[in-house]
Amino acid sequence: MKVEYDDETNNLLKTSKLFPFTIMVENGKLRVLYNETAEDQSITPGMEILSINGHQSGQLIKAMIPHISADGYGYSHRNKRLADNFPQNLWLYFGQQDRFTMKAKDSAGKVITTNVVGVTDANREVNRLSIVNLQVRKGVTQFEGRGPNVSLSFTNEGKTANLRIQGFKGKEFENELDSVFRIVDQKNTKTLILDLRGNGGGEDVYGAALVSHLTSAPFRYFRKIQMRTIKPSFGGWSQDLLNILDTGTVADPVDRHLLTGAIKAGINIQ
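No gaps in the numbering here: position 188 of the sequence shown is 187 in numbering that gives the first Met the number 0, and each next residue is one more.
Be aware that one or more of the hints could be misleading.
[Stated by the list, open to error] DSSO-like, lysine-lysine: derived pairs with alpha carbons at most 27 Å apart:
#1 Lys1 with Lys223
#2 Lys189 with Lys158
#3 Lys186 with Lys158
#4 Lys137 with Lys168
#5 Lys61 with Lys16
#6 Lys263 with Lys230
#7 Lys168 with Lys79
#8 Lys137 with Lys79
#9 Lys1 with Lys230
#10 Lys109 with Lys28
#11 Lys168 with Lys1
#12 Lys79 with Lys16
#13 Lys13 with Lys79
#14 Lys28 with Lys1
#15 Lys263 with Lys79
#16 Lys61 with Lys13
#17 Lys102 with Lys16
#18 Lys28 with Lys102
#19 Lys104 with Lys79
#20 Lys223 with Lys158
#21 Lys102 with Lys13
#22 Lys168 with Lys109
#23 Lys263 with Lys1
#24 Lys28 with Lys61
#25 Lys61 with Lys1
#26 Lys79 with Lys61
#27 Lys16 with Lys104
Worth flagging that the hints you see were computed from the coordinates, not collected in a lab.
Could you build all of it, start to finish, from the sequences and the hints given here?
Written as structure tokens, this is what we have:
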């Protein structure tokens with residue numbers, strides 16, 4: 000589950016001057032992805048952020064991460080969600096400040112301290128077009144939906160296939176996947192590189208379809224999907240849905256209720 004903010008909080012977040020950088024979380028460290036300040040270009044993409052307003056980066060991550068929803072047991076996904084909304088999380092958990100003193104370190108180990116003014120969401124996109132972000136913007140555009148969703152290329156005289164999948168989506172996905180692997184088989188390709196960079200997910204059955212091309216044995220796509228209750232105390236649940244949960248789950252002494260293939264086909268043996 001996740002928290003969605005009320006209208007008042009969302010409106011404040013839109014109009015407040017927030018931390019003027021988009022960041023990434025990498026190996027327990029914060030790195031700059033985009034510099035979105037109006038004037039300061041001393042901090043460039045790729046730099047490691049050491050501290051913000053006196054708070055060490057590790058302390059910031061440790062304090063924020065418990066508030067970020069996970070995706071099942073895949074807790075590493077929290078890092079992505081933390082990074083996507085880092086300025087908002089900083090505002091929510093460390094005070095509504097519009098000026099920031101930060102220390103950052105470049106690849107040569109040089110430490111830079113700077114004071115920057117926050118930006119609103121409206122100005123963030125404009126400032127991102129600054130020359131300081133040019134190189135990283137060029138790199139990122141390669142993975143933001145350009146070209147076909149499923150594409151195949153070959154290197155090393157055809158011995159290596161590069162399969163790029165931008166998302167598990169589209170009515171023709173499985174047909175496209177079948178076509179790709181027929182070509183790979185015809186070329187007797189020895190090595191396959193699967194490129195899922197920037198892939199945000201999609202249909203579970205499409206993920207299973209991909210795995211089915213990579214193994215000859217039956218497999219499970221999900222180990223289990225559990226629910227704490229099939230009769231939630233909060234409102235808004237229709238009787239039809241409650242009936243589906245009642246008939247499509249089995250009781251479990253450890254996990255309380257486990258979904259069956261009647262609700263989620265991916266739980267069945269693939």
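Outcome of the hint check:
1. Lys1 with Lys223: holds, 20 Å
2. Lys189 with Lys158: Distance of about 6 Å is within 27 Å: holds.
3. Lys186 with Lys158: holds, 8 Å
4. Lys137 with Lys168: Distance of about 25 Å is within 27 Å: holds.
5. Lys61 with Lys16: holds, 24 Å
6. Lys263 with Lys230: Holds - the C-alpha atoms of Lys230 and Lys263 are around 18 Å apart, at most 27 Å.
7. Lys168 with Lys79: Status holds; Cα separation ~21 Å.
8. Lys137 with Lys79: holds, 21 Å
9. Lys1 with Lys230: With Cα atoms ~19 Å apart, Lys1 and Lys230 stay inside 27 Å; holds.
10. Lys109 with Lys28: holds, 16 Å
11. Lys168 with Lys1: holds, 24 Å
12. Lys79 with Lys16: holds, 22 Å
13. Lys13 with Lys79: holds, 21 Å
14. Lys28 with Lys1: holds, 24 Å
15. Lys263 with Lys79: Satisfied, since the Cα-Cα distance of roughly 26 Å is no more than 27 Å.
16. Lys61 with Lys13: The given pair, whose Cα atoms are some 25 Å apart, holds under the 27 Å limit.
17. Lys102 with Lys16: Measuring from Cα to Cα gives roughly 19 Å; hence the hint holds.
18. Lys28 with Lys102: holds, 13 Å
19. Lys104 with Lys79: Judged against 27 Å, a Cα distance of about 22 Å means the pair holds.
20. Lys223 with Lys158: Violated, at about 37 Å.
21. Lys102 with Lys13: holds, 26 Å
22. Lys168 with Lys109: violated, 44 Å
23. Lys263 with Lys1: Judged against 27 Å, a Cα distance of about 21 Å means the pair holds.
24. Lys28 with Lys61: holds, 11 Å
25. Lys61 with Lys1: Holds. Lys61 to Lys1 sits at ~18 Å (cutoff 27 Å).
26. Lys79 with Lys61: It holds: about 14 Å lies between the C-alpha atoms, which stays within 27 Å.
27. Lys16 with Lys104: It holds: about 24 Å lies between the C-alpha atoms, which stays within 27 Å.
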